[in-house]
Amino acid sequence: MAKIGALGVLGDKQAWLPDIPKTPLMRRRMLWAYAFVAAPIIALIVFLLGPILFSGWVSLHRWDMLSPVSEMPWRGLSNYSYLLSKDPVFLKSLGNTFYFAIGGVGANTILGLGFALLLNSRIRGRAIWRVLYFMPVITAPLALAVMFSFIFDRNFGVVNNVITGLGLPRQPFLSGPNQALLTLVFIAVYQYIGYYIVIFLAGLQGIPQDYYDAAQVDGAGRIQEFRYITLPLLRPVMLFVVVTNTIGALQVFDLVFATTGGAPANSSMTVVLHMYNTAFKFSRMGRASAMAFILFAIIMLITIVQVRLLQDRAYGD
Amino acid sequence: MLKKVCACLLLLALLIACGAALAQDTTLTMLTHWGTENQLAAQQAILDAYMAENPDVAIELVTVDFGELRTKIITGRTAGISADVYHFYHLWLPDFVNAGALAEPPQDSLTYINDNVAQGTIDAVSSSDGTTWGYPTEVNPYLLVYNKRLLAEAGYDAPPANWEELKEIAAAITQVDDTGAISQLGFGVIAGWDSGIVHPFSALLFSNGGSYLSADRTTAEFNSPQGIETLQLYADMVASGGTDPSISGLGDFPSGTVGMVIMAPWWRATLRAAEGIDFDTEVGVAEIPVGPSGDAPSSIAYTWLFAVDSNSPNKPAAWDFIHWMNAEHEEGQGSAIGDFLVNALGAIPSFDHDQAAFAESMSDHYVSAFVAASAYAQPEQIVAGGQEVKTLMQVEIEAVLAGMTRPEDALASVEMQANAILEEQRMMMEE
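Protein chains in written order, with the working numbering: chain A, 1 to 317; chain B, 318 to 748.
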């Protein structure tokens, strides 16, 4: 056993160094193995870790992306303090992003589970329904965005034609400051709910039928089956859905970029779109990088909380 | 033996390839935002003509939409694959100059520009220290473009001369059906795009006797009684139904459902091709209506320029190409780019020889009005951070259009932010 003391675990070479093969053939094989492992590690360092570290470095500077990196003036934490105390658009976009995430995750989880329960039952044309629900997932997001811009148009959109046909007043939807964000949530739910239905469906089909049979023998009704069998056993799936959906929703960009561009009056501005504008329209890459790190911290914090809350219940007892 | 032969052949092929690469032509890349089919063909014809005269130079044309042009320039430079020749909006000039992104033109070019372009246009493509950074191309003043048929149907035979008339005519043209759908709009504004600051906001502001920035470009001046009146005009027209931000004025005017917009001469090609409005008989152009604090029509004009990237390895060739495009090779014939600007776009060229050579092409009822306006239109003031100020301002205008804020509050808010940006940019330059 390795001693933990003055030398520590690492002091014992055998504990961490691989055995060197004795034959040349084995040594060559080991070298090849390391070469294959090294390729993705190098790619990760170059294309993931490197840009992250560089972005962190840039967030402490002012950089317009036109000047050489070596000439970036040092700004310390001023980009962060500006965003958190002086940038009204950032705070507004943060609020909008939370609204979008809460609305989207809530709707996708509840409706996704509801539709999955329906599709898991013996309804007619089940396979067709599954395909129909999944189709928006494989549709190009920008194409969907353009399509919904027409559908929700204030003056000639089909939704307004239906609404006014029912005698209700015409709505601005994407062009209204109070409705733009809600409309975007609706579009996002339409786009991604099929994916979450499939995930929930897989979870539902993984629950053994024996549990339901036993519950029925004990006299349990449908609601009790759902409450005491389905929901508890779906919690790992719920954890996956909530966490991945939250992360995706907090990073929303393409849908907003293609429909409202954050308008009207920043009422639908999200953090990543503001980040994009700050970097590429205003040439403030330092501030945009700081935004990325703040968003990263927020996402990490929320994910940790979600995992703690749901994982304990999913696996704890 | 076979291996040796193969190795020799491979070596020979490599030597030939290297030799060919060394003898390869100078290759220039030109980045523009003129991307329609007709515009691409016209530009390619210019490039082909230059390459025929200069067989040692190859030119590759890259075009992106205007909305992506600045991003393309910035990311191209960051990635080390920047174009050699740019054609860009002069508002971005201070940012590019401060970052050292542009190469200074050779003295011959500067002399040619000084000899053939009006001083006001040269100033528009020069930095605050007086350095001229490229060949100015189109000069675009803004005017009121209106649909004569819609005005006549509303009972008006002349365009509005002042804001009261503008409000009245706009409200009269607008048609709303029983369900609240706007089938016809009086006056179009821009929402969701910060060019709304140039047109119609600045054009109206200047015609109301106001100004956007101070003369030394150090502070914002739009938060003035004239500025508040301009935004109040927006609010009044929304209230009276004369305008509505849910309608794209620029998008729908060519379809014949918008009565009036404020637009530039280069729109001629679009209007000529439009199916909803007859260019010759229905498109009218008038001076910007005068506001209550203004005493004469005014407007705003902007320009674009050809410049060379400071990282270009082929600067002399790039400047030679730009000069060739802009120079008049035969007296009275105008330049290649002047021909393109006038005949493919309908824009007003900067160079005197082009204005003379293509005077007839600019004499139609549409462009001729803009030519007259270019004599009094005020140049858009360029300043580092100008794009950011524009975007902030657009947000506040949209807030006024949506009834979320009052004009005076909107302008006060954006003035504070704009002045902070301008001050920060000045400090950056001093560092």
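Please note: incorrect hints may appear among the correct ones.
[As the list claims (entries may be wrong)] Derived lysine-lysine pairs resembling DSS-like cross-links, with alpha carbons at most 30 angstroms apart: (1) 281(A) <-> 465(B); (2) 22(A) <-> 632(B); (3) 281(A) <-> 86(A); (4) 389(B) <-> 632(B); (5) 92(A) <-> 632(B).
These are computed hints drawn from the structure, not numbers from a lab.
Against which earlier hints does the structure fall short, listed by number upward? 1, 2, 5
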